[in-house]
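Read in order, the letters of the sequence shown are residues 1 to 80 in the UniProt record's numbering.
Keep in mind the hints are simulated off the structure, nothing from the lab. Careful: at least some of the hints might be erroneous.
Claimed, not checked - Simulated DEER-style distance windows between Cβ atoms: (1) 10 to 68: 32 to 40 Å; (2) 71 to 34: 33 to 41 Å; (3) 13 to 35: 19 to 27 Å; (4) 67 to 41: 17 to 25 Å; (5) 12 to 62: 18 to 26 Å; (6) 14 to 41: 15 to 23 Å; (7) 64 to 27: 13 to 21 Å; (8) 70 to 11: 28 to 36 Å; (9) 62 to 24: 13 to 21 Å; (10) 39 to 11: 14 to 22 Å; (11) 71 to 37: 43 to 51 Å; (12) 16 to 37: 27 to 35 Å.
Stated by the list, open to error - Below 25 Å or equal to it, Euclidean Cα-Cα: the simulated DMTMM-like pairs (lysine to aspartate or glutamate) are: (13) 45 to 16; (14) 55 to 16; (15) 45 to 34; (16) 55 to 28.
Quick reminder that beta carbons are idealized off the backbone N, C-alpha and C, glycines included.
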Amino acid sequence: MTDETSDQTPITPISELGYEKCRDELIEVVRLLEQGGLDLDASLKLWERGEQLAKRCEEHLAGARQRVADALGAGDTAQD
1 MTDETSDQTP ITPISELGYE KCRDELIEVV RLLEQGGLDL DASLKLWERG
51 EQLAKRCEEH LAGARQRVAD ALGAGDTAQD
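Using the sequences plus the hints, can you model the full thing?
Structure below.
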């Protein structure tokens, strides 16, 4: 992830990120926030982005869980 405090940095829309990219960017956001040294506005922007990334990661995981459940359910009905 590039410096989120720069207005010149293009930010990929979260809806376009896969799970791994969301997770990796979230890890970087947490690292930057824990490192400190950012002003309040920059910290809030990063925190907001992190919240959105965490939500998107949860959506990806929920979708994966559903796919596994569907596959297991399809296997059960095929055995009947």
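Status of the hints after comparison with the structure:
1. Checked against the hint of 32 to 40 Å, the C-beta distance between residue 10 and residue 68 comes to roughly 35 Å, which is consistent with it.
2. Taking 33 to 41 Å as the suggested C-beta distance range, the pair residue 71 and residue 34 conforms, at roughly 38 Å.
3. For the pair residue 13 and residue 35, the beta carbons lie near 25 Å from each other, so the given range of 19 to 27 Å is met.
4. The given range of 17 to 25 Å is broken by residue 67 and residue 41, whose C-beta atoms sit roughly 40 Å from each other.
5. Residue 12 and residue 62 have their C-beta atoms about 21 Å apart, which keeps the hinted 18 to 26 Å range intact.
6. Take residue 14 and residue 41: their Cβ atoms lie about 20 Å apart, and the range 15 to 23 Å holds.
7. The supplied range of 13 to 21 Å is met by residue 64 and residue 27, whose beta-carbon atoms lie about 19 Å from each other.
8. The supplied range of 28 to 36 Å is met by residue 70 and residue 11, whose beta-carbon atoms lie about 33 Å from each other.
9. About 19 Å separates the C-beta atoms of residue 62 and residue 24, a value consistent with the hinted range of 13 to 21 Å.
10. Hint check: residue 39 to residue 11, Cβ distance near 18 Å, so the stated range 14 to 22 Å holds.
11. Range check, residue 71 to residue 37: Cβ separation about 46 Å, and the 43 to 51 Å hint holds.
12. For residue 16 and residue 37, the hinted distance range of 27 to 35 Å is satisfied, since their beta carbons lie about 29 Å from each other.
13. Between residue 45 and residue 16 the alpha-carbon distance is near 19 Å, which keeps this suggested pair within the 25 Å criterion.
14. Using a Cα cut-off of 25 Å, the hinted pair residue 55 and residue 16 holds, with the two alpha carbons roughly 13 Å apart.
15. For the given pair, residue 45 sits about 14 Å from residue 34 by alpha-carbon distance, which is consistent with the 25 Å threshold.
16. Our distance criterion of 25 Å between C-alpha atoms is met by residue 55 and residue 28, whose separation comes to about 16 Å.
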